[in-house]
Amino acid sequence: MSADDAKLLETKGLTKVFGTLRANDQVDFDIRPGEIHALLGENGAGKSTLVKMLFGSLQPTGGIIEWRGEPVTVPSPSVARSMGIGMVFQHFSLFEALTVAENIALSMEPDVKTSQVAERARELSKQYGLPLDPDALVGDLSVGERQRIEIIRCLMQDPSLVILDEPTSVLTPQEADTLFETLFRLRDEGRAILYISHRLEEVQRLCSRATIMRHGKVVDICDPREETAATLAARMVGAELQDIRPAPVSLEAAPVILSVRGLSLAPDNPFAVALKNINFDVHSGEVLGIAGIAGEGQGEFFSALSGEVEQLPTGGTIELRGNDLSALNISERRKKGAAFVPEERHGHGAVTGMRLTDNMLLARHKSDQDSFQSGGGLGVIVRSAIRSATDRVNAAMDVRKGAPDPNAGSLSGGNLQKFIMGRELDRQPALLVVNQPTWGVDAGAAGHIRQSLVDLAASGSAVIMISQDLDEIFSIATRIAVIAKGTLSEPTDAAKMSREAVGLLMTGQTSDRAEVAA
Amino acid sequence: MRIELIKRADASPLFSIASPFIALLLTMIAGVIMFLLLGKDPATGLYTYFVQPLLDTWSLEQILVKATPLALIGIGLAVCFRSGNWNIGAEGQYLIGGAFGAALPVFLPGVDTWVLLPAMVLMGMLGGALYGAIPALLKTRFGANEILTSLMLVYVAQQLVDWLVRVPWRDPKGMGFPGTPSFPSGAQMPKLWQYADAHYGLVLAVVLAIIVWFVLSRTMKGFEIAVLGSSARAGRFAGFSARRMTIFAFCVSGALAGLAGIAEVSGTVGKLDDKLSLGYGFSAIIVAFLGRLNPLGCLAAAFVLALTYIGGENAQIAMGISDRATRVFQGLLLFFVLASDTLIQYQVRIVSTAARSA
Amino acid sequence: MDVWVSIILSVCAASTPLLLAATGELVVERSGVLNLGVEGMMIMGAVCAFAGAQLTGDPFVGALFGIVAGAAFSLLFAFLTLILVANQVATGLALTILGLGLSGMIGEGFVGQPGIKMERIDIPFLSDLPIIGQLVFGQDPIFYASIALVIAVWFFLFRSRKGLQLRAVGDSHSSAHALGIGVLKTRALAIVFGGACAGLAGAHLSLVYVPQWVEGMTAGRGWIALALVVFASWRPGRLIIGAYLFGAVNIAQFHMQAQGFGIPAQFLTSLPYITTIVVLVLIARNRRLTMINTPAALGQPFVPDR
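Protein chains in written order, with our numbering: chain A, 1 to 518; chain B, 1001 to 1358; chain C, 2001 to 2306.
Derived from the structure by calculation, the hints contain no laboratory data. Glycine included, each C-beta is placed from N, C-alpha and C at the ideal position. Wrong hints could be hidden among the right ones.
What the hints assert, rightly or not - Covered, in the sense of this in silico footprint (three residues per stretch, anywhere, with C-beta under 8 Å from a C-beta of chain C), are these stretches of chain B:
1) 1001–1012
2) 1254–1262
3) 1331–1344
In isolation and in its complexed conformation, chain A is listed as follows (with noise of 0.2 Å):
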């Protein structure tokens, strides 16, 4: 066997138990220097707890893993990166309040003084493009930026095998191009890339391998520059996955359903975004899709369509139907027909430790006032008409539970997000609101959803569909809009669109460059 053929890590039979549920189950996978390898797979599959043993973070049940050819037990991160494991995190684990330096610090060896790092880190950050302030405080950077922080923090080991998880989710396609050119460099370095994403075309463009793991198991190993993007989504699944279609709307007959004028709501906290001067209509049948990075705005213009604020926006005019809502909560907004489904399901969507009926109760206790409760002002609850409810939605969207009425919390995410989805879709709305609609959610349950909401639409109602997730914008949406520090952009029919247009937008770009762009 030659040196290039050399394995630089491999794993045999490794198993990972949670309880009763098989995280990982019998992982046979190897990795080689100078290779960038996709680890593909639905959320759910086992991806995360893999790496995360490779990493030292999970210590496995059972199986060995191998690095350079000799058995080894990973104890804790730093172990791994003193052996030469590099690892990008999706969810960053990194600290606002503290500075890029020290947060860059903080996986280095106690010894080396925080000054030398941000010398290092400035270094690093010239060799591969990638501007970076030491000193800047991490809560005031961008998500593109934190990404940096996380690449300049795992080269700063010299790592031999760098692991990437998700890393161009919170991307704009711009910022995904430059991410590449980086990975390309570092693979012509000799360094080994683990590269984890449920983007087919990315993996096509740039891997040459990919393990596909399905329900804890490693399902097929492929090279992805020779499959189809469908063939491997189907791997992936296990299925083949429906195409999902807007039917086409005329905008000129459809009535407008909301219209929004001159939208702009102050930042209630340190860290909120200014909404400003927001222009928009939404017709009868359509599906507006709101595309923009983490942290541009979406929480805050959710809030102040759903009158969540607790101070009202500073001006302009919300109108479903010809009502004002400017002025109603979110009960109120409610009952006039408006419905809305936020980004966070736990404690924002549905409350984790409450039943299923309560969560049924927790958004239409208002507009279902009638029939939910009863004893005048008491408010005493009627159990049995919000039982039949959620029974209904349980039964509508196919949320698949342990339990009659389990608790929200322990359903997954996909279920959860079905319900609540199904809860505000058993109302018939005029308008839904929803942002983030697919986040973590399994293919399955993916599909879904969008079907739903594009079969809301095509009942005449109008659905605002805020994303920071392209692919599902470009496949659903009829109009696109992008949010970008708090402004939002003309909607424009979204078969005029190109991803590039929308990516320049999402930077902040105006959109007359975006259509010289396009």
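With the hints as your guide, set chains B and C onto chain A.
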């Protein structure tokens, strides 16, 4: 050896009921150790503390007298804690409630009608609610930490009542002792039966426990409390206001503490004096947790806490054990309640380190 | 002039226990843990320090007893909140209730006994210098310890790697865990340090400030220390300002009580507590300051997945 916790998918119904009993059992075990350390016979000690007071009517009645304020305050705190607001200044609200209620007979000497007592009870509740509203408003208006402000107000209330009974409200015929003149009969909470010490405050506590239990478990208000208690953000999504809830919860718990105060003043003592602050407001925190924040549970828990008070008095007389041992018992009980509550949400496993690394 | 020196000395004495307890709690809160049991740990420190001094006749051994008692008592809190993930607020209250009871029991035999005072340092010549002699060279050892401790804590938090790790744990325990920092170990050590500081603060009360054992002698100082940490917005340097402000208020109300002025003593006694409330309100109004400085993980339980 190490302890591992595994989160349960659903709260364990078994341990939801069993945890207070486990805590009591652990407290008694700790009691055995404490008696041994003190050189006393543990069997006699436990008997004196937890059994003997239940055997004679006089002690039983004293238990009911003490359980009344503990239950009233504990029920209010249960509402407050459930809503996610930390009122630990119930002692202050209890004192101010007592003072507000006492103001009527003090300012209307010679008036003795049946209206007096109900008016005093309402005044007591009003006083407690107003005093409870202070930390609530400081929190909602300015964001000041309610734990610290409500506690600081206890010290202020103690000084205020001390001043009242020593200076402006002091009984001129009281031979210089601090305290108001004794209330007329119309200002005294009637006793449960002739020559009894237990008074109708206990009936109020039972009735209120049932009402609050119904509100918490069956109505929208209870649902709102539960939602805001688990997540302010989900509460906002439901259209509930966390700010209004803070004020509501503090006013309710303050009103109940104030009611306990005026019940104690008008039912047990018959006047306002400098010995009203007995720490019931703090012991009621234990009542609330031992009762698992359930108003009916709080009734039972108040009885248990009152039992330790009377048992402690008996143990002091019979065995020469310091009455401070009672507070140690109460403190331990709260510790064990909190520890046992872990079993509701988690499976606890004790793993030997050797087995783990294998 | 001598009057002012003695006033300043008494302010120092009144401020030292607050500063010590608050410094310990600051480290605890920086690690993301809210321990409301300061009052309980402090009173345990006070009674054990007094007992230690009585038993050995040496106030320094007494102070050591106080430190160990506070630290040992805080272990109860650490076990409940870190291992059993009990609610931190409730557990802190339990610690205070238990501490007040237990100290009363331990101290029962000591009530009314004359204390053994830890004497002020007396350096020949230097302590005799006018004004600064007494202020700089003639105070009790725990006063110097308190100042040294604040500087040491500042250096530890902002100039050492371990301190950086502790701040990281308090900012995001899941990120710290992912990096391989021992979250529970860091927090346990911080809690024990906080307990030791509270114990020393109690020792100062029963060996220097009063010096006697009086049941409940902490009189809410543990709670004021908690408020001071908020006032200082989790910065050690600002703790000194806060602690001395409170010490001054306390001494001022004593002097006013002595002078009479016709103000009821009860109102003057309430003054430190009312000041605390006012200060909490004023600080909280500056939302940016508090939001940015509050450790993000404060009070959040951490259960590692295994």
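Against the structure, the hints:
1. 1001–1012: Three-residue rule met by the region 1001–1012 of chain B, so holds; n is 4.
2. 1254–1262: violated (count 0)
3. 1331–1344: holds (count 8)
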